[in-house]
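For this one, chain X is given, so just place chain C on it according to the hints.
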Amino acid sequence: MVTGIGVVSSLGLDREVFWRGLTEGRCGIQPIEAVDCSAMKFKLGAEVKGFDPLAWLTVKEAAMMDRSTQFAVVAAMQALAESGAQVRGQPAAVVTGCSLGGKPTEDEAYRDLYQEKRTRFDPLIIPRTMTNAGASWISMRFGITGPCYTVSTACASASHAMGQAFWMVRSGLTEVAVAGGNEAPFTLGMLRAWESMRVVSPEPCRPFSQDRRGLSLGEGAAMFVLEPLEAARARGAHMYAEVRGLGMSADAGHLTMPCAEGAVRAMRAALLDAGLAAEQIGYINAHGTGTSANDATEARAIREVFPAPPPVSSTKSMHGHALGAAGALEAAATVLALDRGVLPPTVNFSAADAECDLDVIPNTARELRVEAALSNSFAFGGLNAVLAFGSSAYLL
Amino acid sequence: MKDELTQRVIAVIAKSQGVGVETILPESTFVALNIDSLDGLRLIFALEEEFGVDIPDDAAKMFKSVGEVVQGLETLLERKVVS
Numbered sequence: 001m002v003t004g005i006g007v008v009s010s011l012g013l014d015r016e017v018f019w020r021g022l023t024e025g026r027c028g029i030q031p032i033e034a035v036d037c038s039a040m041k042f043k044l045g046a047e048v049k050g051f052d053p054l055a056w057l058t059v060k061e062a063a064m065m066d067r068s069t070q071f072a073v074v075a076a077m078q079a080l081a082e083s084g085a086q087v088r089g090q091p092a093a094v095v096t097g098c099s100l101g102g103k104p105t106e107d108e109a110y111r112d113l114y115q116e117k118r119t120r121f122d123p124l125i126i127p128r129t130m131t132n133a134g135a136s137w138i139s140m141r142f143g144i145t146g147p148c149y150t151v152s153t154a155c156a157s158a159s160h161a162m163g164q165a166f167w168m169v170r171s172g173l174t175e176v177a178v179a180g181g182n183e184a185p186f187t188l189g190m191l192r193a194w195e196s197m198r199v200v201s202p203e204p205c206r207p208f209s210q211d212r213r214g215l216s217l218g219e220g221a222a223m224f225v226l227e228p229l230e231a232a233r234a235r236g237a238h239m240y241a242e243v244r245g246l247g248m249s250a251d252a253g254h255l256t257m258p259c260a261e262g263a264v265r266a267m268r269a270a271l272l273d274a275g276l277a278a279e280q281i282g283y284i285n286a287h288g289t290g291t292s293a294n295d296a297t298e299a300r301a302i303r304e305v306f307p308a309p310p311p312v313s314s315t316k317s318m319h320g321h322a323l324g325a326a327g328a329l330e331a332a333a334t335v336l337a338l339d340r341g342v343l344p345p346t347v348n349f350s351a352a353d354a355e356c357d358l359d360v361i362p363n364t365a366r367e368l369r370v371e372a373a374l375s376n377s378f379a380f381g382g383l384n385a386v387l388a389f390g391s392s393a394y395l396l
Numbered sequence: 397m398k399d400e401l402t403q404r405v406i407a408v409i410a411k412s413q414g415v416g417v418e419t420i421l422p423e424s425t426f427v428a429l430n431i432d433s434l435d436g437l438r439l440i441f442a443l444e445e446e447f448g449v450d451i452p453d454d455a456a457k458m459f460k461s462v463g464e465v466v467q468g469l470e471t472l473l474e475r476k477v478v479s
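Protein chains in written order, with the numbering used here: chain X, 1 to 396; chain C, 397 to 479.
Bound-form chain X, shown alone:
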């Protein structure tokens, strides 16, 4: 059961502003400010705007964390404050998803090394750049001494992480878990590297549209408090939605091109783990990056698993592709959709693509209470993770 949600995103610095943005169809993909993109082929991204770490952390704490880690800790602070779950010294765990680690710190360090030819460096570079910094800081700040670790599976990191945390709670290995993902990719190096793959769109991404031209990068974090239903009930905590299942698979195919069979297996595995039938799924939050390859392949895979597919939307159209944090932002969108009875749209939708024959909830959010939902994450290297969520209203 999800009893707390914290979000730091391009749509806003907390859960409610994020959700409002999703329901209003607001697009957080704007001209990039952190990096000078004037010489680049794309200049847009879903950056977190107006984030002041000192509104949450002490000067010293903030100095020891990369931007990516700050996102993670602030999101966790929001989630734990809301949930009221006791974690200090209790059987509790932290699993975060992060693919890039502290890239802003790293990029600056390399510039100092190779360009400025400095020979003396900040001793905090290693602890700031390590991918697990988010998990470590959440553990330290909240006194969580159980299993704490970070999962790195590119664009599926946070989904894998949340799934692992869910399994720990479900199996009784831990009583509370803080899980989610964090990522901050807006550095010149990262943007140039993405540019060379020619998959980033010069305009805000248009998932599932016929004239889609690629993805839009994003940053941020979302963290969740997961605990057993009984504990949530006993405390009278708000129960957003239930994590029902995790499905994982690998394409064993191509390094960057997705494979429908792999996606099918992951979705089916999620349904099986959740004990849900395809017909019970009322909404799918797609991986939906907006690349030519992903959207068509994903649509095919969805049709394979769901003969009568439910509405599908890609919220990446609003919060961008946050890489290691993507699965977490999208889990937040999915959980809130179940909680609030509103399905977020796929915005920037212009024209239907015959190869993506799905109801993609174009441009406008839809009021609809559904029983259960899936959130898909299909990563580079063919690593797939699908989370299944159930409405808490359907629990007896």
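For the record, the hints were derived by calculation from the structure and aren't laboratory data. Every value quoted in this text rests on a predicted model; they were computed, and no experiment measured them. Hints should not be assumed to be uniformly reliable.
Unchecked claim - Below, simulated BS3-like cross-link-like pairs (lysine-lysine); rule was C-alpha separation at most 27 Å, straight line:
(1) K43(X) - K457(C)
(2) K411(C) - K476(C)
(3) K457(C) - K398(C)
(4) K460(C) - K398(C)
(5) K41(X) - K476(C)
(6) K457(C) - K41(X)
(7) K460(C) - K41(X)
As the list claims (entries may be wrong) - Calculated from the model, a selection of chain X residues having no Cβ within reach of chain C, i.e. all distances over 12 Å:
(8) K41
(9) F51
(10) P123
(11) R198
(12) P202
(13) R235
(14) L255
(15) A293
(16) R303
(17) E304
What the hints assert, rightly or not - Not the full set, but computed from the structure, chain C residues with beta-carbon under 10 Å of chain X:
(18) E423
(19) F426
(20) D432
(21) S433
(22) L434
(23) L437
(24) P452
(25) A456
(26) K457
(27) M458
Where a beta carbon is used, it is the ideal one built from N, C-alpha and C, also for glycine.
This is chain C only, laid out in the frame that chain X set:
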């Protein structure tokens, strides 16, 4: 000269794909040469480095054979000389 350009292109493709130049003919298609989308990206990068040109995305998408690459590069190189 087109022949020389073709030979240079073939050399780049051969190196990128890790095959002998004799396996690549002026009429070879990318499909026949087992050049998939990721290979294609790497190849575009190698060609840009070799010839000192920027190959725009829409041009890159048209490259499906040795002949198309040579043609495309001819155009880009002409533009380079002019500017």
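Each hint tested on the structure:
no. : hint              : verdict
1   : K43(X) - K457(C)  : holds, 21 Å
2   : K411(C) - K476(C) : holds, 25 Å
3   : K457(C) - K398(C) : holds, 22 Å
4   : K460(C) - K398(C) : holds, 18 Å
5   : K41(X) - K476(C)  : holds, 19 Å
6   : K457(C) - K41(X)  : holds, 16 Å
7   : K460(C) - K41(X)  : holds, 23 Å
8   : K41               : violated, 7 Å
9   : F51               : holds, 32 Å
10  : P123              : holds, 37 Å
11  : R198              : violated, 5 Å
12  : P202              : violated, 9 Å
13  : R235              : holds, 50 Å
14  : L255              : violated, 6 Å
15  : A293              : violated, 8 Å
16  : R303              : holds, 23 Å
17  : E304              : holds, 22 Å
18  : E423              : violated, 26 Å
19  : F426              : violated, 15 Å
20  : D432              : holds, 7 Å
21  : S433              : holds, 6 Å
22  : L434              : holds, 5 Å
23  : L437              : holds, 6 Å
24  : P452              : holds, 8 Å
25  : A456              : holds, 7 Å
26  : K457              : holds, 9 Å
27  : M458              : violated, 13 Å
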